[in-house]
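Next come the chains, spelled out residue by residue.
Protein chains: 2
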Amino acid sequence: MTEVSHRNVKLTDGFWKKRQDIIKDVTIKSVYDRFFDTGRVEAFEMKWKNGDKNMPHVFWDSDIAKWMEGVSLFSEITPENIEKIENLIDLIEAGQDENGYFNIFFTVVEPENRFSKRTEHELYCAGHLMEAAVAYYRTTGRDRFLRIMCRYADHIEQVFKNEKSAAFTTPGHEEIELALVKLYSATGEKRYLELAKFFIDERGNRLEHTYGGFTDGLYDQSFLPVREQKTAEGHCVRACYLYSGMADIARIYDDEELKNACEMIFDDIVKHKMYVTGGIGSTHLGEAFTIPYDLPNRTAYTETCAAISLAFFAHRLQLMEPKAVYAEVIEKVLYNGFLSGLSLDGKSFFYENPLEIIPELRTKDVCMKEQPHIPITERLEVFSCSCCPPNVIRFVAEIGENVYTYDDDTVYVHQFMSGEAEFDGIKISQETEYPLNGKVTIKYEGPAKKLAVRVPSFCEDIENENGYVFFDVDNGMVTEIDFGMPVYCVESNPRVYENCGRYAVMRGPVVYCAEGKDNGKYLRDITLDFSSDIEEIYNEEMSLPVLEMKGFRRKPEEKLYYKKKDDCEEITVKLIPYFAFANRGESEMLVWMQVK
Amino acid sequence: MTEVSHRNVKLTDGFWKKRQDIIKDVTIKSVYDRFFDTGRVEAFEMKWKNGDKNMPHVFWDSDIAKWMEGVSLFSEITPENIEKIENLIDLIEAGQDENGYFNIFFTVVEPENRFSKRTEHELYCAGHLMEAAVAYYRTTGRDRFLRIMCRYADHIEQVFKNEKSAAFTTPGHEEIELALVKLYSATGEKRYLELAKFFIDERGNRLEHTYGGFTDGLYDQSFLPVREQKTAEGHCVRACYLYSGMADIARIYDDEELKNACEMIFDDIVKHKMYVTGGIGSTHLGEAFTIPYDLPNRTAYTETCAAISLAFFAHRLQLMEPKAVYAEVIEKVLYNGFLSGLSLDGKSFFYENPLEIIPELRTKDVCMKEQPHIPITERLEVFSCSCCPPNVIRFVAEIGENVYTYDDDTVYVHQFMSGEAEFDGIKISQETEYPLNGKVTIKYEGPAKKLAVRVPSFCEDIENENGYVFFDVDNGMVTEIDFGMPVYCVESNPRVYENCGRYAVMRGPVVYCAEGKDNGKYLRDITLDFSSDIEEIYNEEMSLPVLEMKGFRRKPEEKLYYKKKDDCEEITVKLIPYFAFANRGESEMLVWMQVK
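Chains as they are written, first to last, in our numbering: chain A, 1 to 596; chain B, 1 to 596.
Be aware that one or more of the hints could be misleading.
Which copy is meant is left open, so a pair is good if it fits within one copy or across any two.
Derived DSS-like pairs: lysine-lysine, alpha-carbon spacing no greater than 30 Å straight-line [as the list claims (entries may be wrong)]: (1) Lys555 / Lys182; (2) Lys555 / Lys596; (3) Lys550 / Lys182; (4) Lys427 / Lys439; (5) Lys271 / Lys369; (6) Lys182 / Lys259; (7) Lys230 / Lys559; (8) Lys190 / Lys565; (9) Lys555 / Lys271; (10) Lys17 / Lys117; (11) Lys182 / Lys574; (12) Lys47 / Lys17; (13) Lys182 / Lys323; (14) Lys259 / Lys559; (15) Lys29 / Lys230; (16) Lys323 / Lys565; (17) Lys369 / Lys10; (18) Lys574 / Lys521; (19) Lys564 / Lys521; (20) Lys596 / Lys271; (21) Lys564 / Lys574; (22) Lys555 / Lys323; (23) Lys347 / Lys10; (24) Lys259 / Lys596.
It should be emphasised that the hints constitute simulated quantities derived from the structure, not laboratory data.
Isolated chain A (complex conformation) (with noise of 0.2 Å):
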C-alpha cells in the first residue's frame, strides 16, 4: 500500500474545508498569542536565568515546534507566519550547541542534566522540532531548519546509539521515533531510519527510570520489549506515538513480529479501551489506559492529543493493510473525540473530552480544600500544559492524508471529504456533503483500476467485502453512491459496567449528546422515545443538523426513595453533535442515555 500524502489531497468545500478554513482563520493566530503571552515564544532567546519568573517549562520546545508544523503542513504560509517561523529557526539556530543539542530547559535551567533525566521530554520535545522542520521544507523548500534538525539528531545518534553515552536508553516520552522516520523520508538518510527503530528495540529490553508513582514499565511501554506486547497499557500519547513509530518501523522494514505486536495492540485498543467517541484514556492517573471495559464518562480522561495519536497509529496500520476497522476508528476519532478538543469559534480547547458533565460534581466535595481531579467543563485557549491545542493545528492541517491509499491494482477511498487529488497519474475528486448526508460522488481519472469505498458501520444496505465496495474504474469515470445517513442507538458491551442500560445516539459516525443548556438539569434521567419521529434541524455552525425527539423524564419529587411508579412527564429531547458540546457555557452534558 502506497501512502497519499495530505499534500496531494486538496480539501475544496464540506465539513473538512471549513474546518481547515478556521484553523488558518483564527486558530493559528490565537495559538501563537496564547504562546506568546505565556512567555513561550520569549522562552527560545534562552536568556532565562534563576530567579527569573517564568521559568521555560521542558516541554515548552514542543508546543511551539507543533505550532510551527502545523503552521507549516498547509499547503500555503501567510508573509506574517513565515516571518514568525523565520524568527523562531534564528533564535533556534542561534541557541542550539557546536554538538547539535537544543532543548531550551536543558541549556538555561538545567545544563548540568542534558541526557540523564528520562522522564523530562528531551528526546520528545527534538522529535517535535524534527517533525516541525520537515514540514517546513517540504512547503517552502527552505533548508535551514532541516539541517538544524539533522545537526541534533546526529548528536543523538551519536550520543544514544553509538557512544550510548546517555543515563537512559529510550526515551521516557515517546515521539522521536515517527519524527526520525518522517526526517529519514525527507532526507533519504537511513541512519535516521536506524536511530527510530534503535529506539523502538531498545524499549523494555531492560527497567529505566518512570516518576514516582507509576509500575515500572507499564506508564512509559517498557514492560516487555514491545515486539511482546500485546495490549495497550500506560500513558495513551506516549502509547500511540509509540506504536504509531512501530507500524513505520513494521511496514518499512517489513518487521511482521512487529506488526503483529501493532494489530494486537489496536485489536486491544478498539475491543476494549476506547469510548464511543474514539477517545482513549480511562483515567487521569497516569493519563492512561486501564483495565478492559472500564470505561467511565464523567471521569474519562480521554486527552485531545490521545485521540489524535489513535488516529496517527490507526492511519499508518491502513497503510500496511486495508482493513476498514482502521478507517472507523479515525473516522470515530475525526468526527467525536479530537473534533470535541476544538471549539466551534475555532479559539479555545479542551485537554480533556468526558462523555458526561455534570457540573456541581467538580466541587462536591464541599469540606476538602482541593477537590479530586474532574475535567473541567469549559475550553480554555491556553494551558500550563498545552499540548493539544497545537496538535488540533497539525492534525487538520494534515487530514487530507487519511483519505486515500492504492496499490498496483486499487485505489482505496477511506474518508469522505470534498476535494481533489493526485497521485501517481492518477486524479480524484469527491463531491460531498458528508456526513451532513450520505452522498458520495467519486470522479476518477487515470488508468483502469479498481476502486474500494469503504462502506461507513451504521451503512447496512450496500454489499461490501470486509467494509469496503469495490468498483471497476477507468479514465473520467463518475462513481455514485449513497450510504445514507441514519439516526440510530448504539449499545455497549455488557462489560462496560457503565453503560449498561444506557444507549448513544449516532447519526452516521457523529455521535450525539444531549445538553443542559437545551434540556435543563438531570439528563441522565430523561428517558429517549426511539420510535417517535426524529426532528432534523440544520445548525449551520455545526454544519450538522440537531436533533429533537420526544422524551420522558420523571416528575420533580421531594423525597429520596420511594416506591416505584415512574411518574413521568412527556419532554421534547434536542440533541446535538458531541463534538460540538460546550459552546455555551458551563452546562451538564450526557452521551449514554436511556432509550425507550
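Following the hints, position chain B against chain A.
For chain B alone, coordinates are given in the frame of chain A:
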C-alpha cells in the same frame, strides 16, 4: 416523651435476639482478642517508650472504651469479662494523673501536648471512657470507673470552661457532648450537663484548627454556631455525634432553637444525603457528606459508625417528638447499612459499606503503584482504625432502647422485636418474627392508655396518622396487627444521578442485593422481570428469605459498540439481603438494578 432504656427491654427471640446472642457468644471475645493482639490492651499499661514498636494511636483509648461499654450494656457480664474490665480499670486508675487527666497517647507519646492538638481525639477518647464508665456502673453498681471518669470530667471542666487554658475550645472530634449528658444522667451532677452544653454553645463561634486538607469549619461542623446550622456537613460520625449531643441538650433544656437546627439538619440528611440503606457519607475524602443527591454506590464511604451515629441522632429526635420518620430511619439503619458492617458469623467487619462492588475496579489503574481509594471487598476482624467493631457491639447491646417511648397518654411502639418491656408501671410484650413476616402481637398490661404503633411505610393497607396507628388499650389487652411483608421496588429522586433508570428491591424494611456468587459477573447488565413470580427461600443464617425471580441479561459480545439490538437471554436472578453481602468471599455486588 420519656425514654425506655434498653435495660427495660428484654429481647426474647427473633431477629435481634439472635444477633445479640452472636455478639455475646462470638463478637465480644473476638474483638477483645484482636485488640489484645494489636497492642491496644497493653497500651493501657502506659509502658510505651520512644523507639518501641506499636506506638499507641490517639484513638486506642476509645476502641477499648467502646468494647468495655458494649460488654457492660448487656444485662449480664460474664466473670471473664468482668475480670478483663476490672483489669483495664486498674490500669486506667493507675494511669490517671492526680489532676484527673487520662489519655494514653498524650501520656506516653506526647505528654507535652495535652489539650493542645485539637485534631487528636483527646476529648473523643474521654467521652467514650465516660460512656463506658456509665454503662459499667449501671449494670454492676460498681462506681470506681465512674468516679475516675468524674474526676477526669471535672478536670476537663476546669481546663476548658473555667480556666480556658487549653489551646482550643471545642473538640476536633465530637463525642464528649453526648457522653457528658450520660455522665450527668448517671450521677445527677448538673455541671456535666452544663459542660456538654458549653461545648455545643461554643462550637462555631470561631474557626479552630482542623486537618490540613479540609476547609475550615465544614469538616468538623464549626462553620457556624450550631443553632444557625441548617445542613449536615463534614465528617459524618463527627457530625451525627454532635447532632446527638445537640438533640440531648435541646430536649433537656427545652431549647427550641437548637431543636429546630436538629430538625433541619436531619431533614437535610433524609431528603438529600442518605443512602437507601440508611448509610451516610458519600466520600472517603474526609469520610464526609458531600452535596445533595450525590450518592455514588461503588465508592460510597457509608461507614458502619456513621450509620450507627445517624440512628443515635434519630433516636434522640424521637425522644422529643414521635415522628415516624425517625423510627423509619432507625429501622433502615438497623436492617441495612449498619448490619452490613458485621459478618453473619459475628467475627468480622466492614468499615465502609458500599452499595456496589466490582472487584477488578479496585486495581484498575494498572500503571499506578498506588490505587485510588475504593472500599475493601471482604470483611476484616480488625482495622488499624478499628472504631466500628466495638461500636457494633454496643449498638446491638442497646438496640432495645429504640423500641418504645411514652408520654402521659400514649405508649409508642416504634420498632418490632420479640421481647418484654417494663417501665413506669407498664408491662408490654411483643411476639413477632418481624421482618420475616409482618405479624406483630402486642400484649399490654397497665393503666388504660393509647397505644401508638408505627406502620412501616411499605405497608399501604393500614390507615394511620402520620405513620402511627392508635389503639385504646387497657390492662391485659392483646393487639394483633399484620403489616404484610411485600417485595417491592424503590426508585430514588430523579436528581440522584447514579440511580436513574435503576431500582432497589426491598422486602419490608430490608434492602436486597445481587451478588456475583449467585448471579455471575456484570450484574449491572441484569434486568429483573418484576412481573414474574418471586420465590422466597428461607435462609437460616440470614433469618430471612433469599429471593428468586426471572430476569434477563444481554448475551456476551466480542464487539465494544454495536447498533442497539438488546439480544438478551432469560436467567434466574437470586437476591439476598444487603446486610448479608460479602459473606462468601470476594464477589460482585449490586443494589440498584435495572427492572422491567
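Against the structure, the hints:
no. : hint            : in the structure
1   : Lys555 / Lys182 : neither (59 Å within a copy, 46 Å between copies)
2   : Lys555 / Lys596 : both (17 Å within a copy, 20 Å between copies)
3   : Lys550 / Lys182 : neither (52 Å within a copy, 60 Å between copies)
4   : Lys427 / Lys439 : within (20 Å within a copy, 86 Å between copies)
5   : Lys271 / Lys369 : between (39 Å within a copy, 26 Å between copies)
6   : Lys182 / Lys259 : within (19 Å within a copy, 75 Å between copies)
7   : Lys230 / Lys559 : between (50 Å within a copy, 18 Å between copies)
8   : Lys190 / Lys565 : neither (71 Å within a copy, 52 Å between copies)
9   : Lys555 / Lys271 : between (38 Å within a copy, 16 Å between copies)
10  : Lys17 / Lys117  : neither (42 Å within a copy, 66 Å between copies)
11  : Lys182 / Lys574 : neither (45 Å within a copy, 59 Å between copies)
12  : Lys47 / Lys17   : neither (40 Å within a copy, 80 Å between copies)
13  : Lys182 / Lys323 : within (24 Å within a copy, 76 Å between copies)
14  : Lys259 / Lys559 : between (58 Å within a copy, 22 Å between copies)
15  : Lys29 / Lys230  : neither (42 Å within a copy, 51 Å between copies)
16  : Lys323 / Lys565 : between (49 Å within a copy, 25 Å between copies)
17  : Lys369 / Lys10  : neither (52 Å within a copy, 48 Å between copies)
18  : Lys574 / Lys521 : within (13 Å within a copy, 35 Å between copies)
19  : Lys564 / Lys521 : both (21 Å within a copy, 26 Å between copies)
20  : Lys596 / Lys271 : both (26 Å within a copy, 29 Å between copies)
21  : Lys564 / Lys574 : both (27 Å within a copy, 20 Å between copies)
22  : Lys555 / Lys323 : between (48 Å within a copy, 27 Å between copies)
23  : Lys347 / Lys10  : within (24 Å within a copy, 73 Å between copies)
24  : Lys259 / Lys596 : neither (44 Å within a copy, 47 Å between copies)
When each numbered hint is compared with the structure, violations occur for hints 1, 3, 8, 10, 11, 12, 15, 17 and 24.
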